[in-house]
Amino acid sequence: MASSQVLTPTHEYPFAFAGPKPIMDPKERFYRQFQQEAVNIQEAIGQLSSIPKIGGERQDATDSILASISQLSNEVSDASDFVPAYDLRSYSQAVKALTDQLNEETAKLAPKTKFQFKPRAANITGVPKAGDDEFVPLPSVRGVPSGLAGPQPAADAQASSSIQSEKRDSVGALPSFPSKDYNAEMAKPGSSGVRKPSFSAARDVNISDHTGLHIILPSTASRATSSGSLTGLTGCVVDMSVPTAGQSAFAGLAIKSIAKSLIVAGHVNGPAHITGVSDSIVVVAARQVRIHECNNVDFYLHCGSRPIIEDCSGVRFAPIPACYLGEGVDPSTNQWDQVDDFKWLKAEHSPNWKILPAVERLAEEAWTKTVPGGPGVGTDDVLKKVGISSR
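Numbering-wise (full-length UniProt numbering), the sequence shown opens with residue 1 and increments by one.
I should point out that these hints are in silico values taken from the structure, not numbers from a laboratory.
Positions of the beta carbon are idealized from the N, C-alpha and C atoms, including for glycine.
Misleading hints may appear alongside valid ones.
As the list claims (entries may be wrong) - Straight-line distance between alpha carbons at most 30 Å, and here's what the computed DSBU-like set of lysine-lysine pairs gives:
| # | residue 1 | residue 2 |
| --- | --- | --- |
| 1 | Lys-256 | Lys-384 |
| 2 | Lys-343 | Lys-196 |
| 3 | Lys-385 | Lys-343 |
| 4 | Lys-260 | Lys-385 |
| 5 | Lys-369 | Lys-196 |
| 6 | Lys-369 | Lys-256 |
| 7 | Lys-343 | Lys-354 |
| 8 | Lys-108 | Lys-27 |
| 9 | Lys-385 | Lys-369 |
As the list claims (entries may be wrong) - So the derived label-pair ranges between C-beta atoms look like this:
| # | residue 1 | residue 2 | range |
| --- | --- | --- | --- |
| 10 | Ser-208 | Ser-92 | 44 to 50 Å |
| 11 | Gly-328 | Arg-32 | 36 to 42 Å |
| 12 | Ser-227 | Arg-89 | 19 to 25 Å |
| 13 | Val-377 | Tyr-86 | 23 to 29 Å |
Let the hints inform the model, and build the full structure from the sequences given.
Below you can see the structure in the form of structure tokens.
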């Protein structure tokens, strides 16, 4: 394995690496561990093209790399007790660069489309692997002594330090990455019928302008739940329940302009605004749910306050399925059936909404087995099984 270029430390150390080696500082130990794991991941990405697609071998390898990147990201989070905040940001950017490199490689290996974008990864470490690909940059980390490639004579170390100090800004800098277009990635034709965008390099989830897609967000999207947005979807199945479970719920959610679709929106700590949905099924757990201009929609809710509808017709309500309720959520606090129609001020019940009869509610099996899809199961198949095509 090629050795990495020595990265310049941001602190000088008063000792030279002669004689007995001092006890390794936790920051240095983490730096070396991070560097080795990052190199291993880069090499695994570089080997993807040589792994056959037959039997799902390449997909298994890709999933393994994703798991390694996720584990590395968790290790960065766990290091916050002894690694300065500035360096944590550098490590996080390096993890993001690994994710981007994997996405670029999998896109390159996917079936060719008319237009291909092939951004070239920057190489700051100066360590090319075998072939044309390059390693992504690793951060220059404070508190990590120089000489990671081996002991260095004091005079040489001083000269090297003088030279490197002039280049510190450029060596320690990480490249500027353009924000990733996950919607363009989802729109590309793929071998799998289910799209699983990671959203690992995003702060929020934005899914828009798709027709006929089956989209399931993996756990990696839990870092992008500052807000959620679904707009302009027709004939789609979207499941965001996994990354929004537990402590990773959306801060807020907006759903707009949806038709003939099944939306499992997951958990929202704040309000969920739902506008312009028709002939669809929506599942959401939120503190507040406001529904506007919706027609012929079944809502499965857990709502911490009274749901509000306005300018709606033919909307029906049921409690959220148990499989989406989540741990620590008390079903007795659910006000799913206490709907307020702001456009109906008469004393009698509003004709614009009603309770979805128990016999017409989807069974638990539909949520646990039909919604996830499977081999040979298309989006239309899922929609038909939940009754949307006949609505």
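Range hint 23 to 29 Å (beta carbons of Val-377 and Tyr-86) holds or violated: Roughly 48 Å apart at Cβ, these two residues miss the hinted range, so it is violated.
Tell me if the straight-line CA distance from Lys-256 to Lys-384 falls inside 30 Å. 22 Å, holds
Please work out if Lys-343 and Lys-354 have their alpha carbons no farther apart than 30 Å. Given that 30 Å is the threshold and the Cα spacing comes to 15 Å, the pair holds.
Holds or violated: Lys-343 to Lys-196, with C-alpha atoms at most 30 Å apart: Between Lys-343 and Lys-196 the Cα gap is close to 39 Å, so the pair fails against 30 Å, i.e. violated.
Lys-385 and Lys-343 were given as a pair; does the straight-line alpha-carbon distance stay at or below 30 Å? Outside the cut-off at roughly 34 Å; violated.
Assuming the hint says 19 to 25 Å, is it satisfied by the Cβ distance from Ser-227 to Arg-89 or not? Since Ser-227 and Arg-89 have Cβ atoms about 21 Å apart, the given range 19 to 25 Å holds.
Below or equal to 30 Å on CA atoms is what counts here, so check Lys-108 against Lys-27. 36 Å, violated
Pair hint outcome, Lys-385 versus Lys-369 [Cα-Cα no greater than 30 Å]: Judged against 30 Å, a Cα distance of about 11 Å means the pair holds.
Decide if the proposed pair is consistent with the structure: Lys-369 and Lys-256, CA atoms, cutoff 30 Å inclusive. 27 Å, holds
For Ser-208 and Ser-92, compare the CB-CB distance with the range 44 to 50 Å and indicate the outcome. 26 Å, violated
Between Gly-328 and Arg-32, does the beta-carbon spacing fit 36 to 42 Å? Since Gly-328 and Arg-32 have Cβ atoms about 39 Å apart, the given range 36 to 42 Å holds.
Given the hint that Lys-260 pairs with Lys-385, does the C-alpha gap stay at or below 30 Å? 13 Å, holds
Checked against the numbered hints listed earlier, the structure breaks hints 2, 3, 8, 10, 13; every other hint is satisfied.
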